[in-house]
Amino acid sequence: MGAAVLIVDDSEMLRSQVRNVLENGGFTVFEAQNGKEGLTKLKSGQKVELILCDVNMPEMNGIDMCREVHKDNTVNKIPIVMLTTEANIEIKNAGKEAGVIAWMTKPVDGEKLLLAVKKITGRQ
Amino acid sequence: MSKLILPGKAYLILWGENKELESQLTKMGERIGFRYVKVESQQELQDSISKIKTLVAMIYCNDGSNVLPMFPALGDKFLEYKKETSVVSLLEHLDKLIIKGIPPRLTDLITDAIKGVTPKLLGAEFTNLSRSSDFSIHFTNLITCDSSAEAFSAKALCKVNFERLRHEYKSLSQRTDSQLIDLFGEFCNQLLGVINASLRPIGLSPLISLPIGAELSRSGSISQVDYMPMIRFIDLKQVFGVGVSVSVGSKCQARWNELVTKAASGELEFF
Chain A
1 MGAAVLIVDD SEMLRSQVRN VLENGGFTVF EAQNGKEGLT KLKSGQKVEL
51 ILCDVNMPEM NGIDMCREVH KDNTVNKIPI VMLTTEANIE IKNAGKEAGV
101 IAWMTKPVDG EKLLLAVKKI TGRQ
Chain B
1 MSKLILPGKA YLILWGENKE LESQLTKMGE RIGFRYVKVE SQQELQDSIS
51 KIKTLVAMIY CNDGSNVLPM FPALGDKFLE YKKETSVVSL LEHLDKLIIK
101 GIPPRLTDLI TDAIKGVTPK LLGAEFTNLS RSSDFSIHFT NLITCDSSAE
151 AFSAKALCKV NFERLRHEYK SLSQRTDSQL IDLFGEFCNQ LLGVINASLR
201 PIGLSPLISL PIGAELSRSG SISQVDYMPM IRFIDLKQVF GVGVSVSVGS
251 KCQARWNELV TKAASGELEF F
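Protein chains in written order, with our numbering: chain A, 1 to 124; chain B, 1 to 271.
Bear in mind the hints are in silico, worked out from the structure with no lab data behind them. Treat the hints with care, since some could be wrong.
[To be verified] Straight-line Cα separation of at most 30 Å, DSSO-like style, residue types lysine-lysine; simulated pairs:
1. A:K112 to A:K96
2. B:K262 to A:K118
3. B:K115 to B:K96
4. B:K262 to A:K96
5. B:K170 to A:K112
6. B:K251 to B:K77
7. B:K115 to A:K112
8. A:K119 to B:K77
9. A:K112 to B:K237
10. A:K96 to A:K47
11. B:K77 to A:K92
12. B:K237 to B:K120
13. B:K96 to A:K119
14. A:K96 to A:K43
Kindly produce the complete structure, drawing on both the sequences and the hints.
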């Protein structure tokens, strides 16, 4: 089984698009529709090697989720890549402070995304 | 004495009588989101105009019996309507005047963004969009998303007829209403994201809101959209319309002459 990736995004369409790209590349994909659900999935003991996360989401946004992940020793080693339309410098800096390692802007380019995920998870 | 002017609304002033024109202005105002007010004297005009926040234009119906009054302060917002002018051509001119509020390079950016994002998000079938001044398609759902920075705001808006969309576009025929709301919400969001990517290098960094979807049958008032200049596209089958409206405040410091459209390519930046 390939590495497991958690995609956190409120858009079902986007999650499905990313899932297709990653599953075709041999990855296992878990989904959450907001930061709160993302945290629950992470804390359930599910082994995840990478988190792909949107910024603007209802209930809990992506930056707040990253802050919570950053504080938790059991999951804060998992690399986080933001996958979002948002590229405001202050929000990016907030992400960086919360442990985000890379920022990818939508619309998603499947090939670039797969390459990045392979690189980060060491599956090249 | 001033006509009754509501604060915060956009108005068009009409001076003179023309029933056909009035009827068309009412429809256009409902579609775009302005009201029109009739005045009968210079004093009434001056009193009214001082209370209007956004003046779309002033139309003076010249039946030839009066000397044309001069309104240099209105610039190209002053339109003269003569008997020999067709109402259609006047309305077309009015529409161009409204669009003129958008800096030309921003118009190009919005156009490129709509044409680039539409087939990527909605599918290859959606390459049949054409620029339209008429946004009055019969739609069932409205999906919007906002983006704002200091002295600048933009709204992406989709008007969609879900039933007809499923019928006309095979790739979407199996989508439920909630899946379509999700799809068009993400579409609006990404459209603004692509526009914002090109705005950042010229000094603007707008933040994007969460998209909102509304169903016409549950809320009759959603067809009323506040007036702002809007670039609109409609698909050939008239089941889907997308528009981006912008408001550029006088204090906006963006360097519009440096604006260059950046391709939407999913950039990756490692920290």
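Hint by hint, here is what the structure shows:
| no. | hint | in the structure |
| --- | --- | --- |
| 1 | A:K112 to A:K96 | holds (21 Å) |
| 2 | B:K262 to A:K118 | holds (26 Å) |
| 3 | B:K115 to B:K96 | holds (21 Å) |
| 4 | B:K262 to A:K96 | holds (24 Å) |
| 5 | B:K170 to A:K112 | holds (28 Å) |
| 6 | B:K251 to B:K77 | holds (21 Å) |
| 7 | B:K115 to A:K112 | holds (21 Å) |
| 8 | A:K119 to B:K77 | violated (57 Å) |
| 9 | A:K112 to B:K237 | violated (34 Å) |
| 10 | A:K96 to A:K47 | holds (23 Å) |
| 11 | B:K77 to A:K92 | violated (42 Å) |
| 12 | B:K237 to B:K120 | holds (19 Å) |
| 13 | B:K96 to A:K119 | violated (50 Å) |
| 14 | A:K96 to A:K43 | holds (22 Å) |
Violation of the numbered hints given earlier is confined to hints 8, 9, 11, 13; the remaining hints are satisfied by the structure.
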